[in-house]
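Student: The chain contents come next:
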Amino acid sequence: MYNPQLNAQGQLQHLLSIEGLPKRILTDILDTAENFVGVAEREVKKVPLLRGKTVCNIFFENSTRTRTTFEIAAKRLSADVLNLNVSTSSQSKGETILDTVNNLIAMHADMFVVRHQQSGAAHFIAQHVPPHISVINAGDGRHAHPTQGLLDVFTIRKYKPEMHNLRVAIVGDVLHSRVARSEIHALTTLGVPEIRVIAPRTLLPTDVEKLGVQVFHNMEQGLKDVDVVMMLRLQNERMSGALLPSSQEFFQTFGLTPERLALAKPDAIVMHPGPMNRGVEIDSAVADGKQSVILPQVTYGIAVRMAVMAILGGGNAA
Amino acid sequence: MNIVIKQGRLMDASQSLDQVKDLYISAGKIVAIGEAPAGFKADQTLDASGKWVLPGLVDLCARLREPGSEYKATLLSELRAAMAGGVTSLACPPDTDPVLDEPGLVEMLKHRAKSQALAHVYPLGAVTRQLEGQLLTEMYALTAAGCVGFSQADTAIVDTQVLWRAFEYAASFGYTLFMRAEDPYLAKNGVAQDGEVASRLGLKGIPSAAESIALQTMLRIAQATGVRLHIARVSTAESVELIRQAKQSGMQVTADVSIQHLHLTDMDIGFFDGMVNLKPPVRTQRDRDALRAGLVDGTLDAVCSDHTPVDDDAKALPFAEAHPGASALELLLPLTLKWAAQAKLAPVQALQKITQIPADILGIKAGNLQLNSIADVVIYDPEMEWRVDGRVLVSQGKNTPFVHHALTGKVTATLTQGNLVFQQETLKLAHH
Chain A
2 MYNPQLNAQG QLQHLLSIEG LPKRILTDIL DTAENFVGVA EREVKKVPLL
52 RGKTVCNIFF ENSTRTRTTF EIAAKRLSAD VLNLNVSTSS QSKGETILDT
102 VNNLIAMHAD MFVVRHQQSG AAHFIAQHVP PHISVINAGD GRHAHPTQGL
152 LDVFTIRKYK PEMHNLRVAI VGDVLHSRVA RSEIHALTTL GVPEIRVIAP
202 RTLLPTDVEK LGVQVFHNME QGLKDVDVVM MLRLQNERMS GALLPSSQEF
252 FQTFGLTPER LALAKPDAIV MHPGPMNRGV EIDSAVADGK QSVILPQVTY
302 GIAVRMAVMA ILGGGNAA
Chain B
46 MNIVIKQGRL MDASQSLDQV KDLYISAGKI VAIGEAPAGF KADQTLDASG
96 KWVLPGLVDL CARLREPGSE YKATLLSELR AAMAGGVTSL ACPPDTDPVL
146 DEPGLVEMLK HRAKSQALAH VYPLGAVTRQ LEGQLLTEMY ALTAAGCVGF
196 SQADTAIVDT QVLWRAFEYA ASFGYTLFMR AEDPYLAKNG VAQDGEVASR
246 LGLKGIPSAA ESIALQTMLR IAQATGVRLH IARVSTAESV ELIRQAKQSG
296 MQVTADVSIQ HLHLTDMDIG FFDGMVNLKP PVRTQRDRDA LRAGLVDGTL
346 DAVCSDHTPV DDDAKALPFA EAHPGASALE LLLPLTLKWA AQAKLAPVQA
396 LQKITQIPAD ILGIKAGNLQ LNSIADVVIY DPEMEWRVDG RVLVSQGKNT
446 PFVHHALTGK VTATLTQGNL VFQQETLKLA HH
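From first to last, the protein sequence lines stand for chains A and B.
With this note's numbering, the residue at position 127 of the first sequence is 128, and numbering never jumps.
With this note's numbering, the residue at position 54 of the second sequence is 99, and numbering never jumps.
Keep in mind the hints are simulated off the structure, nothing from the lab.
Note that the structure is a prediction, hence the values are computed from the model and not measured.
The beta carbon of each residue, even a glycine, is placed where N, CA and C say it ideally should be.
A hint or two may mislead.
What the hints assert, rightly or not - Covered stretches of chain B (in silico footprint by chain A; criterion: 3 or more residues with CB under 8 Å from a CB of chain A, positions within the stretch not fixed):
hint, region
1, 239-247
2, 361-368
Claimed, not checked - Mimicking EDC-like on lysine to aspartate or glutamate, the simulated pairs with C-alpha atoms at most 20 Å apart in a straight line are:
hint, chain 1, residue 1, chain 2, residue 2
3, B, K249, A, E238
4, A, K211, B, E241
5, B, K233, A, E238
6, B, K249, A, E210
7, B, K360, A, D100
8, A, K211, B, D313
9, B, K360, A, E96
Stated by the list, open to error - Cβ pair distances, simulated, as ranges:
hint, chain 1, residue 1, chain 2, residue 2, range
10, A, E238, B, M312, 27 to 37 Å
11, A, V216, B, A386, 40 to 50 Å
12, B, R265, A, T203, 23 to 33 Å
13, A, T97, B, E115, 15 to 25 Å
14, A, P276, B, E286, 41 to 51 Å
15, B, G149, A, A9, 52 to 62 Å
16, B, A386, A, D208, 30 to 40 Å
17, A, A9, B, R265, 39 to 49 Å
18, A, Y3, B, R436, 19 to 29 Å
19, A, T97, B, H449, 44 to 54 Å
20, A, A9, B, S94, 45 to 55 Å
Turn these sequences into a full structure, and let the hints guide you.
Tutor: Here it is as structure tokens:
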């Protein structure tokens with residue numbers, strides 16, 4: 002099937018979604034990222050792979066955290082970085098998404114990092130840029146957040162290298178989560194045999210099992226003997242619209258507590274894409290506990306984003 | 046003005062006609078088939094050998110965008126598109142700006158359409174003022190102004206008391222209601238069929254039940270009030286089954302399907318193709334198969350274009366923000382015949398569903414080639430191969446999910462009221 006992310010030679014042209022990417026490309030990104038983990042520990046935290054190139058962070062939806070990690074990743078590759086917070090500027094003046102993109106093309110940007118509240122926005126932009134420009138999806142609506150999915154599997158691979166022998170649980174608001182979708186595709190592509198989603202029916206997409214996951218509506222059953230627990234952020238606005246009665250009840254039924262975590266394998270790791278809602282989806286004792294790898298996720302996130310940019314920019318590993 | 050169309054394959058199910066014959070037109074009417082009437086002297090002869098000669102198409106739903114959205118399309122641009130598609134009569138829904146809820150607006154639209162002397166335009170008036178679902182419109186006065194029925198376009202009447210009274214009131218006068226069935230709460234913010242594809246793409250889904258629930262409510266109220274109910278743009282297998290049961294129980298309900306839904310499924314969204322953002326959303330393969338079967342067995346009576354021209358800027362947006370709708374007047378005929386070929390249905394049978402049957406539903410005299418009928422006639426080349434492309438479409442709206450599709454068959458000439466108003470350049474034309 003035609004894949005808009007790959008060029009005619011089957012190489013990565015844009016990173017829009019994990020879905021449909023062959024395993025070799027995921028593995029290549031993860032292996033490249035391994036080489037970048039050490040860069041941050043050097044005295045000079047820079048490699049010259051993207052020197053002279055301009056990376057443009059176009060954020061139609063606010064996110065300081067994700068934008069910052071992309072900015073650091075680009076700067077460590079020696080790129081010039083332009084941050085554009087469109088939600089507070091031109092869109093309110095009636096400029097269309099294409100106007101914004103065309104203006105940045107005219108400024109000779111080489112790479113666009115895009116976040117948008119609508120699913121498919123990154124695909125849309127990728128269809129409208131000239132071939133020398135690469136687009137990285139930094140989150141589009143509920144659809145995909147591929148670098149988050151990649152940094153999550155990178156983290157899992159660090160702690161649990163035998164991917165083909167893992168049981169992974171994803172807990173919480175899968176319905177609205179681009180992170181969950183990207184995680185599911187990354188895990189299935191890399192051969193993880195058992196992926197579970199644990200949530201009430203109101204927070205699961207229709208036919209979610211067709212993505213290759215087992216569905217649980219009970220934490221105790223779903224967490225039993227898993228190797229990895231991936232928590233999702235629960236937005237406060239989910240309490241309106243009759244999706245959930247209250248955050249308290251959600252914590253009672255689906256919150257990750259030490260008691261529940263004890264049902265997983267003793268060496269299970271706990272992950273969260275951040276920012277966390279302590280006491281809503283996760284107990285502080287778990288978030289700060291010894292099974293938590295939430296902060297290493299952030300560190301690895303920069304290496305993974307450097308790898309994606311280096312590969313799209315045509316450079317090789319450091 | 047006397048015109049003879051020579052040696053075309055004449056097809057008209059209303060008189061079981063499917064034969065190569067000459068068609069004679071005089072003073073805007075069909076005056077003879079086969080032999081020239083006594084003393085007939087043709088002013089114009091059209092050679093239709095190798096071509097089909099059909100009744101002008103009758104479309105149950107085409108948006109002309111006037112008044113209010115002239116940047117999307119104009120009456121003239123879309124009536125020309127209708128001619129290029131062989132659509133000589135069309136019903137337009139009331140969701141213009143302002144809404145067609147006052148007799149003056151309807152009279153103006155009728156007048157402007159008539160002055161173009163292209164397709165016959167039959168407005169559907171709004172059921173409720175401003176389509177807000179609260180106050181009834183003056184249906185009697187709107188009918189006097191030219192409305193052939195009433196519709197809520199894509200909006201719902203949420204209050205079932207209002208819905209009941211609207212049905213009762215329309216039933217009192219024998220007016221037909223053209224209603225699309227969709228529960229507005231279940232459909233809220235939805236842009237795609239609720240299912241695997243929408244879940245993968247992260248698009249907000251609209252479940253099939255949104256249509257079934259509203260449909261069941263309407264069928265029940267129609268049963269109680271005896272109104273003539275037409276269900277517009279059925280999109281699900283469940284709806285086909287509900288309509289089948291209603292018909293079997295003796296209810297006078299009719300229904301149509303759009304040409305888009307007859308051919309497309311949610312898989313066609315591909316990588317967020319905004320052209321496939323349609324109302325209602327295209328559903329699953331199973332739904333499409335049920336719609337096709339329902340159209341063959343008569344559960345669904347007619348096919349409409351659901352023509353909705355959208356300007357390029359309004360489509361050039363991420364999927365959920367792209368304005369819904371497809372430009373379809375020029376594709377209705379070849380795509381209906383494409384379905385007929387796939388369904389192994391004789392062309393003359395399939396053509397009924399875009400000519401005679403929708404004319405009957407609208408209660409208008411059109412859609413046939415009978416003697417003394419108004420000469421709305423289409424000459425169609427069943428073998429012309431062409432590729433759908435914004436540049437070949439006459440409509441101002443270049444938005445169609447069928448762009449780049451290869452089609453076989455194209456209208457080569459269209460006559461309304463005996464006047465040749467459209468012809469492809471390739472048509473051979475001989476003057477006496």
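Student: Taking the hints in turn, state whether each one holds.
Tutor: Checked hints:
1. 239-247: With 8 residues in contact (Cβ-Cβ under 8 Å with chain A), the coverage given for the region 239-247 of chain B holds.
2. 361-368: holds (count 6)
3. B:K249 <-> A:E238: Satisfied, since the Cα-Cα distance of roughly 16 Å is no more than 20 Å.
4. A:K211 <-> B:E241: 7 Å, holds
5. B:K233 <-> A:E238: 17 Å, holds
6. B:K249 <-> A:E210: Between B:K249 and A:E210 the Cα gap is close to 17 Å, so the pair holds against 20 Å.
7. B:K360 <-> A:D100: 14 Å, holds
8. A:K211 <-> B:D313: Roughly 18 Å separates the two Cα atoms, so the pair holds.
9. B:K360 <-> A:E96: It holds: about 15 Å lies between the C-alpha atoms, which stays within 20 Å.
10. A:E238 <-> B:M312: 27 to 37 Å: 31 Å, holds
11. A:V216 <-> B:A386: 40 to 50 Å: At 42 Å between Cβs, range holds.
12. B:R265 <-> A:T203: 23 to 33 Å: 29 Å, holds
13. A:T97 <-> B:E115: 15 to 25 Å: 20 Å, holds
14. A:P276 <-> B:E286: 41 to 51 Å: 48 Å, holds
15. B:G149 <-> A:A9: 52 to 62 Å: 59 Å, holds
16. B:A386 <-> A:D208: 30 to 40 Å: 33 Å, holds
17. A:A9 <-> B:R265: 39 to 49 Å: 57 Å, violated
18. A:Y3 <-> B:R436: 19 to 29 Å: Since A:Y3 and B:R436 have Cβ atoms about 24 Å apart, the given range 19 to 29 Å holds.
19. A:T97 <-> B:H449: 44 to 54 Å: 24 Å, violated
20. A:A9 <-> B:S94: 45 to 55 Å: Holds: the Cβ-Cβ distance is about 47 Å, inside 45 to 55 Å.
Hint check: violations occur at hints 17, 19; the rest are consistent with the structure.
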